[in-house]
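Participant: Top line first, the protein sequences correspond to chains A and B.
In terms of our numbering, the first sequence is residues 268 to 825.
In terms of our numbering, the second sequence is residues 7 to 313.
Because the hints were derived from the structure by calculation, they are not lab data.
Each hint should be verified, as a subset may be incorrect.
Said to hold, decoys possible - Here are the simulated distance ranges between beta carbons: (1) B:V120 / A:A757: 53 to 59 Å; (2) B:G177 / A:Q824: 49 to 55 Å; (3) B:G93 / A:E754: 53 to 59 Å; (4) A:K655 / B:D79: 21 to 27 Å; (5) B:V120 / A:Q824: 52 to 58 Å; (6) B:S152 / A:A709: 52 to 58 Å; (7) A:A552 / B:L59: 52 to 58 Å; (8) B:A160 / A:Q825: 25 to 31 Å; (9) B:G93 / A:A734: 52 to 58 Å; (10) A:A734 / B:A87: 43 to 49 Å; (11) A:S553 / B:D79: 38 to 44 Å; (12) B:D79 / A:Q484: 38 to 44 Å.
Quick caveat, the model's predicted, so the values are computed rather than measured.
From the three backbone atoms N, C-alpha and C, an ideal C-beta is built for every residue, glycine too.
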Amino acid sequence: MPLRHRSSLLVLAAATTASALLLAGCTADGAGTSGGGSAPSTPVAGGTLTYATGFGEPTCLDPHVGGNMPQALLGTNVLESLFSQDAEGAIVPWLATGATPSADGLSWDVALRDDVSFTDGTPFDAAAVAANVAHMKDPATESSTAILALGKVTSVEVVDPTTARFVLTEPDSALLESLAQTWLAMESPAGLARGMEANCEDPIGTGPFVVDSWTKQDNVTLSRNDSYNSSPAGAAHEGPAYLSTIVWRFIPDPATRFAALQSGQVDVIDEMQPDNVVTAQDAAASGGQLGVLTGALPGASIRLELNSGYAPFDDERVRKAFIASADVNPGIESLFFGTVDRSYSVLSSSTPFGASFEDDYAIDTDRANQLLDEAGWTGRDSEGYRTKDGARLTVDFPISTNQSIPAEQSLFEQIQATTKDVGFDVELHPLDLSSWYASLAAWDFGVTSAIYTKNSPDVLRILYDSANIIPAPSGYHPNHSHVSIPELDALLTTAGETNDQAERADAYQKAQKILADGAYVLPLYDHLQKIGYSTRVQGLSLLPTLQLPYLADSWVQQ
Amino acid sequence: MSVLPEGSVAAGWSGAAGSAGSSGPVGSAGSVAGRGSRRGRRLGLGVGQWVSLGFLLSLVLAAVWPGLLAPGDPLAIDPRAAFVPPGWGHPFGTDESGRDIYTRVVHGAAPSLVIGVAATAIGVGLALVLGMLAALAGRIVDFAVSRLLEVLFAFPGLLLALLVITVYGPGVVTSTVAVGLATAPGYARIIRSQTLSVAASPYIEAAVVLGKSRGRILARHILPNALVPVFVLVTLGVGQAIVWAAALSYLGLGAEPPAPEWGAMLFAGKNYVTSAWWMTFFPGLVIVLAAAATTVLGRALQKRGVR
C-alpha cells in the first residue's frame with residue numbers, strides 16, 4: 268500500500284473516483300456513526316462549532332515552524348497539503364493531481380491543480396510549491412518536522428506552472444507520504460514573505476477556513492473560506508465548508524475539558540481520558556448526547572526511550588534489567604479501562620511494517636537482578652536502591668504533562684514502583700512543554716516518553732538514525748535513545764530508498780529487531796486519537812493521513 | 007497592649023478567609039465551652055478546641071510515627087486493586103494504581119506539617135528581622151522597608167510563591183521557602199507596628215531612664231512583648247501554610263509524584279473526580295480539618311490574649 272503511488276497518475280485518478288468513503292478512516296464508537304444516536308440529517312450551512320483541544324496552544328500557527336501536534340490539529344482546517352491518504356494509507360490527490368518519479372528515483376514531477384488560489388488571492392502553482400519547500404528548509408524557519416521529512420529533497424524546480432519537480436539526493440520511498448502531512452502544508456508565498464512573526468499569527472493557506480483572530484491563552488477563531496474549492500479526494504462534499512465559524516479553545520485539563528463537553532459548552536474535544544471514553548460510550552449506548560471517534564495515530568507507538576548515550580543506560584545490561592523489571596501490563600489494563608492494547612512494537616498498529624517482539628519485553632525480576640549484579644550495581648543503600656561506587660542507580664524521567672495524559676503518568680508511577688523492586692531509583696519530573704524540551708535537548712534524562720507522529724515507517728529513520736542525535740535547527744533531536752549503530756543506519760537507509768516491498772519489509776524487520784535486542788525502547792501502547800463530540804455535531808471525521816479531525820464536512824444542528 | 011484587631015489580621019491574610027470560614031461551626035461549638043469538663047474549663051478550652059487539639063496531636067503522631075497508624079507502604083502499588091471504593095480492606099479506598107489512600111493520607115501528614123511549620127518559621131524569621139529593622143533602625147530604613155513590604159503586598163501571596171518556584175524550580179524545599187517568603191510581608195508589618203507601639207510604651211521609657219543598655223531593652227522588653235500577638239498569628243499561619251503548600255503541590259509545583267502529599271493526591275484524584283470521588287475527598291478532608299483545627303486553636307489563644 269505505501270508504494271501504490273509508484274504507479275502514479277493513473278492510480279491517483281482512479282483513487283479520486285473511488286473516493287466515496289475514504290474519509291471513514293476511523294471507527295466511530297458508541298451508536299455507530301458520527302451522527303450519534305440520531306439518524307444522519309441533511310447538512311445545514313452556518314453555525315459555530317467550538318472545539319476544545321488538550322494538546323496545548325501552539326506558539327506559532329505556521330506548522331512549518333517547529334512542527335508539533337497542536338499546530339497540525341489547527342492547521343488541518345486552514346492549510347492543505349499536496350497529497351492526502353485514504354483509509355488504507357494509499358496516496359490520493361489533494362492540491363496535487365499526481366506524481367511521476369524519474370527512472371533513477373532522484374526526481375519527482377508533481378502535477379498540480381490549476382484552479383486553486385490561496386485565501387489572499389495568490390494563485391497556487393509550482394512557484395508556490397518551490398517557495399514553500401525553500402521556506403521549510405530554510406534554517407531561519409526553525410523547522411524540526413518538515414525539515415527532517417524533506418531531508419532528501421534538495422530543491423523544487425518549476426517545470427511549468429502546474430508541474431513542480433522535486434530534486435532528491437537519494438531515492439525516497441516515503442516522499443509522497445511526507446508531503447501529505449500537515450507540517451508540510453502549502454502556504455501563500457506572499458504570506459510567507461511577511462516574515463515569521465506575521466505568518467505565525469495568521470498562516471495563509473488554501474483550506475476551508477481562515478484564521479480570524481487569536482486571543483492568546485484562550486482561543487483561535489476560524490471563519491469559513493467562501494471560495495473554497497479544493498477538498499481532498501474522499502471528502503464527503505465539495506466546495507465551501509458548512510460551518511461559518513470554528514472557535515478553537517485551549518482547555519489543558521482533561522477533566523475540565525470533558526465536563527465542558529458534557530455541559531454543552533464545547534462541541535468537540537480531543538485527548539479524552541480513558542475513563543471518560545467509557546463514560547461517553549456508555550452514554551451513547553443509552554441514547555445520550557455524546558459520541559466518541561477513535562483512530563490509531565500513525566508513527567511510533569507510545570514508548571519509553573532509554574537514553575543509551577549516558578549513564579546508567581549506556582550499559583546494555585542496565586537497560587535490559589530496566590525493561591525486564593518494568594511491569595506495565597497490569598497498569599495498562601486497569602488505567603486505560605480496555606481502551607488501548609499493550610504494544611510490543613516501536614511502530615503504531617496503523618503504520619505498515621511494524622514488528623512485535625513480545626519475548627524481548629518479558630518480565631523477569633531474577634534476570635534483572637542478575638544483570639544489575641553483572642553490571643556492577645551490587646550495593647544497596649538504606650532505602651533499598653542499588654549503588655555502585657557509592658552512587659545510586661538513579662534514572663531521571665522527565666514527563667511532558669502536555670503530551671502524557673494522566674493515565675499515562677500513573678503508568679509511569681507504576682513503572683517507578685516495579686523497577687524499584689530490583690533497585691532502580693526512577694525520579695519522575697512532570698514538566699511543562701518547554702522545560703521538557705530543554706531537558707531533552709540537554710540529554711538530561713535517563714528515560715522519557717515522546718510522541719512522534721508520522722504517516723510512514725520511515726519514522727524509524729527519524730527516531731533511530733545516528734544522524735538525528737544531532738539537533739535540528741529548532742534544537743530538537745528526535746533520536747532520544749541516542750542510538751548509534753552503523754548497521755541500523757544502513758538498514759534504515761535501504762528501507763527508505765528501495766522500492767522493492769520485500770526488501771523494505773526485511774530491512775524494517777531487521778532494524779526493529781536490533782532495537783529490541785539492544786533494549787533501547789520499551790513499547791507501551793498505541794497512540795490513539797480519542798475525539799469526543801456532542802451529537803449536535805454531524806459529519807465529523809478524521810483525515811486518515813495523521814488521524815486529525817477534519818471539520819470542513821461537519822455541520823451543527825441548529 | 008492588646009492583640010491586633012481582627013481587621014488587621016484579615017488584611018495581611020488574603021487566603022485566611024477560607025480557613026476562617028471553615029472554622030465557623032467549630033468556633034461556635036467552642037462558645038458552648040462553659041459546659042465542658044472541669045479540666046477543660048481550667049485550661050480554658052471548649053469542646054471544639056479539644057477536638058482540634060486532639061486532631062492536631064494525631065497529625066503530629068502521624069508525622070512522627072506514621073507506621074503506628076498505617077503500617078502499610080504508601081507507595082506500594084497493586085494495579086489489579088485500582089479504584090476500589092472505601093470499604094473494610096481500604097477504609098479510604100484505593101487510587102488509580104491500587105495504592106491505599108488511608109495509608110497515603112497518614113504518611114502525607116509529615117510533609118504537610120513540616121512544610122507548614124518550616125514555611126511559617128521562615129516567614130516569621132524573615133519578618134522579625136524586617137519588622138524590627140523598620141521599627142527601630144531609623145526613619146530611612148523604616149521608609150525603605152515599609153515601601154518594600156507595600157510592593158510585596160501588591161502581589162497576592164500565592165503569586166509571590168509561584169514567582170519563587172518559577173525561578174528556582176519546583177520541589178518540596180523550594181515550595182516551603184516560597185510559602186515562607188510569601189507570608190513574610192504580613193508578619194513583618196504586624197511586627198513593625200507591634201514593635202513601634204511597645205517601644206513607645208511607658209515601661210520602655212522607664213527602662214531607658216534607668217540606663218539599661220539598648221541590647222538589653224531589645225531582648226528583655228521589646229522582643230517578648232512584641233512577639234506575643236505574633237505567636238497567635240503563627241498558630242493561624244501554620245494552617246494557612248499547609249493549605250498553600252497543598253495548593254502548590256496541586257498545581258504540580260511542590261512534591262513530585264507519587265509522593266504521598268495531600269495536595270499532590272488531590273491533583274492526581276481530580277482526573278477521576280466523577281468516577282472515584284474518594285481519591286479527592288479524603289485528602290481534601292484532612293487539609294480542611296488541619297487548617298480548621300489550627301485556626302480554632304489560634305482563635306482560642308487570641309481570645310485568651312484579649313482577656
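Participant: If a hint holds in the structure, say so; if it doesn't, say that too.
Facilitator: Hints and how they fare:
| no. | hint | in the structure |
| --- | --- | --- |
| 1 | B:V120 / A:A757: 53 to 59 Å | 56 Å, holds |
| 2 | B:G177 / A:Q824: 49 to 55 Å | 50 Å, holds |
| 3 | B:G93 / A:E754: 53 to 59 Å | 56 Å, holds |
| 4 | A:K655 / B:D79: 21 to 27 Å | 25 Å, holds |
| 5 | B:V120 / A:Q824: 52 to 58 Å | 56 Å, holds |
| 6 | B:S152 / A:A709: 52 to 58 Å | 43 Å, violated |
| 7 | A:A552 / B:L59: 52 to 58 Å | 53 Å, holds |
| 8 | B:A160 / A:Q825: 25 to 31 Å | 48 Å, violated |
| 9 | B:G93 / A:A734: 52 to 58 Å | 56 Å, holds |
| 10 | A:A734 / B:A87: 43 to 49 Å | 47 Å, holds |
| 11 | A:S553 / B:D79: 38 to 44 Å | 41 Å, holds |
| 12 | B:D79 / A:Q484: 38 to 44 Å | 41 Å, holds |
Comparing the model with each earlier hint shows violations of hints 6 and 8; every other hint is respected.
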